[in-house]
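S.K.: Chains as they are written, first to last, in this note's numbering: chain W, 1 to 212; chain B, 213 to 479.
Hints are computed from structural coordinates only; laboratory data are not their basis. Do not take every clue at face value.
Said to hold, decoys possible - Think about it this way: if two alpha-carbon atoms lie no more than 16 Å apart in a straight line, the pair counts; the simulated EDC-like pairs of lysine to aspartate or glutamate are:
hint, chain 1, residue 1, chain 2, residue 2
1, B, Lys420, W, Asp143
2, W, Lys111, W, Glu204
3, W, Lys153, W, Asp112
4, W, Lys108, B, Asp426
5, W, Lys111, W, Asp70
6, W, Lys164, W, Asp126
7, W, Lys164, B, Asp457
8, W, Lys111, B, Glu430
9, W, Lys164, B, Glu251
10, W, Lys164, W, Asp134
11, W, Lys50, W, Glu116
12, W, Lys141, B, Glu346
13, W, Lys50, W, Asp134
14, W, Lys153, W, Glu56
15, W, Lys141, B, Asp295
16, W, Lys76, W, Glu99
17, W, Lys141, W, Glu116
18, W, Lys108, B, Asp457
19, W, Lys111, B, Asp426
20, W, Lys153, W, Asp67
21, W, Lys108, B, Asp451
22, W, Lys108, B, Glu432
23, W, Lys164, B, Asp451
24, B, Lys275, B, Asp429
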Amino acid sequence: MLSRRTLIAALAMGALVAFGGAANADARQDAARAFIATLADTAMATVAVKDISDDERNRRFRTLFVDSFDLPEIGKLVLGRYWRIATPPQQREFLRLFEDIQVLTWAKRFKDYSGETLDIVAVHPDGELNVSVDSLIRRRKLDPIAVTWLVRKAGESFRVLDIKVEGASMAFTHRSEYTSVIQSSGGQVEGLLTAMRRKIGQMEADQSAAAR
Amino acid sequence: MTAFIPRSAARVAASVLAFALIAGCATPPPADDQEAVAEWQQINDPLEPTNRAIFEFNQAVDKALLKPLAQGYRAAVPQFGRDRVRDFLNNLRAPIVFANDVLQGQPDRAVQTAMRFAFNTGFGIAGLFDIAGEGGIPFHDEDFGQTFAVWGVPDGPYLVLPILGPSNPRDTTGLAAEWLADPVNIWWDNTDKEWAIWTRTGVAGIDKRERFLDSLDEIERTSLDFYAAVRSLYRQRRDAEIRNDTVVDKVPAASISAAEESGQESH
Chain W
1 MLSRRTLIAA LAMGALVAFG GAANADARQD AARAFIATLA DTAMATVAVK DISDDERNRR
61 FRTLFVDSFD LPEIGKLVLG RYWRIATPPQ QREFLRLFED IQVLTWAKRF KDYSGETLDI
121 VAVHPDGELN VSVDSLIRRR KLDPIAVTWL VRKAGESFRV LDIKVEGASM AFTHRSEYTS
181 VIQSSGGQVE GLLTAMRRKI GQMEADQSAA AR
Chain B
213 MTAFIPRSAA RVAASVLAFA LIAGCATPPP ADDQEAVAEW QQINDPLEPT NRAIFEFNQA
273 VDKALLKPLA QGYRAAVPQF GRDRVRDFLN NLRAPIVFAN DVLQGQPDRA VQTAMRFAFN
333 TGFGIAGLFD IAGEGGIPFH DEDFGQTFAV WGVPDGPYLV LPILGPSNPR DTTGLAAEWL
393 ADPVNIWWDN TDKEWAIWTR TGVAGIDKRE RFLDSLDEIE RTSLDFYAAV RSLYRQRRDA
453 EIRNDTVVDK VPAASISAAE ESGQESH
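Please model the complete structure; the sequences and the hints are all you need to start from.
M.R.: This is the structure:
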């Protein structure tokens, strides 16, 4: 039979474990919130500034992007079943081209920046490892945009896995789009890489045309 | 009440159908390739060749007509005027939104819609000013397609409608139901004001296109396959709308209007 003292000790232990777990989850959520807030501040202070060249803006965004996004994981997510079909050189090439497209996509958006601010409205755990950070991008006069950041703990910090804009996942959209490109080139990953190279060429030309 | 369906619409529908039969269907993958079959089911676009042809047609009409109209509207009418147009159109939708709130079993939202309609029609000068929204009852949209979804009707394969754009059988049925059941349209039709129905439809189209000017340009600029990107985004966006998981549903009204105020101050 359990003595009264053992019972109390066991209960206290249980409470401690449960409470400790909750406290850990809370700490993880607070850290995730801080990570997204810092990411937004850094982007505003380094990439969204007005008096730098396009090349410099691209370079700064690339640094920030590579440091704070889990590119290999996103690449696997986006390529889906074709990640396994792709050869290792194709996988590396894909990640490189994907990074270039994202840099050219987001550098322009930050160049057009006009006073938007990011407010974090809610943070909740998403499975064992991930945390969802709900934010609102507030714009002048226009309705705010709801953006959810899916982040995963990576060592001391976090890495972004996906961004959902008004409920639409970036990774899911890219996946559906890239699958379609691969299918139209007869299931060949090479067809996607060709299309990506062409797109990068086009976006670079647009960027330098706009700079002139 | 069907008087405002013109014969030309039937003719367009017939030629689109004929066109669809020529363009044909996509080829499904072999049944033994399970991953490919799963992908095929997820993409759920058996009419892809036809849909792509209609998408290109829509793109051409958009570049030649709709986009320039929306750009002209943005350039000619200041934000204040566009907001009044938007508020007026939203208020006209109130009966449809109310009906769908009720049909979806959402009495709270139905009451919100009814209160908004009463306030805005009265104090907001026939709906030109969204008084209720500023008072903390924001506009939310509903349509029959969303109601069917709440009732468990699946969306069915992806469809691109001429001019109207991305859809599916469920949402197309919803659109037709709305067109026929809208009390405002029925009233205008019965009082021989068909011009009002067409004006409303046209203005609502331009208002919607103006709202999407920047985002559609961005998607086209950055996508490898614009058609596939729009298909995916349409479905995800629809899912969020059905779950009432959009920004106006999630965020308390006070914080939206606070943002608008701070935006105006800094301007």
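S.K.: If a hint holds in the structure, say so; if it does not, say that too.
M.R.: Consistency of the hints with the structure:
| no. | hint | in the structure |
| --- | --- | --- |
| 1 | B:Lys420 with W:Asp143 | 14 Å, holds |
| 2 | W:Lys111 with W:Glu204 | 14 Å, holds |
| 3 | W:Lys153 with W:Asp112 | 31 Å, violated |
| 4 | W:Lys108 with B:Asp426 | 13 Å, holds |
| 5 | W:Lys111 with W:Asp70 | 24 Å, violated |
| 6 | W:Lys164 with W:Asp126 | 14 Å, holds |
| 7 | W:Lys164 with B:Asp457 | 12 Å, holds |
| 8 | W:Lys111 with B:Glu430 | 14 Å, holds |
| 9 | W:Lys164 with B:Glu251 | 22 Å, violated |
| 10 | W:Lys164 with W:Asp134 | 9 Å, holds |
| 11 | W:Lys50 with W:Glu116 | 14 Å, holds |
| 12 | W:Lys141 with B:Glu346 | 14 Å, holds |
| 13 | W:Lys50 with W:Asp134 | 28 Å, violated |
| 14 | W:Lys153 with W:Glu56 | 29 Å, violated |
| 15 | W:Lys141 with B:Asp295 | 10 Å, holds |
| 16 | W:Lys76 with W:Glu99 | 13 Å, holds |
| 17 | W:Lys141 with W:Glu116 | 10 Å, holds |
| 18 | W:Lys108 with B:Asp457 | 29 Å, violated |
| 19 | W:Lys111 with B:Asp426 | 15 Å, holds |
| 20 | W:Lys153 with W:Asp67 | 13 Å, holds |
| 21 | W:Lys108 with B:Asp451 | 29 Å, violated |
| 22 | W:Lys108 with B:Glu432 | 14 Å, holds |
| 23 | W:Lys164 with B:Asp451 | 13 Å, holds |
| 24 | B:Lys275 with B:Asp429 | 11 Å, holds |
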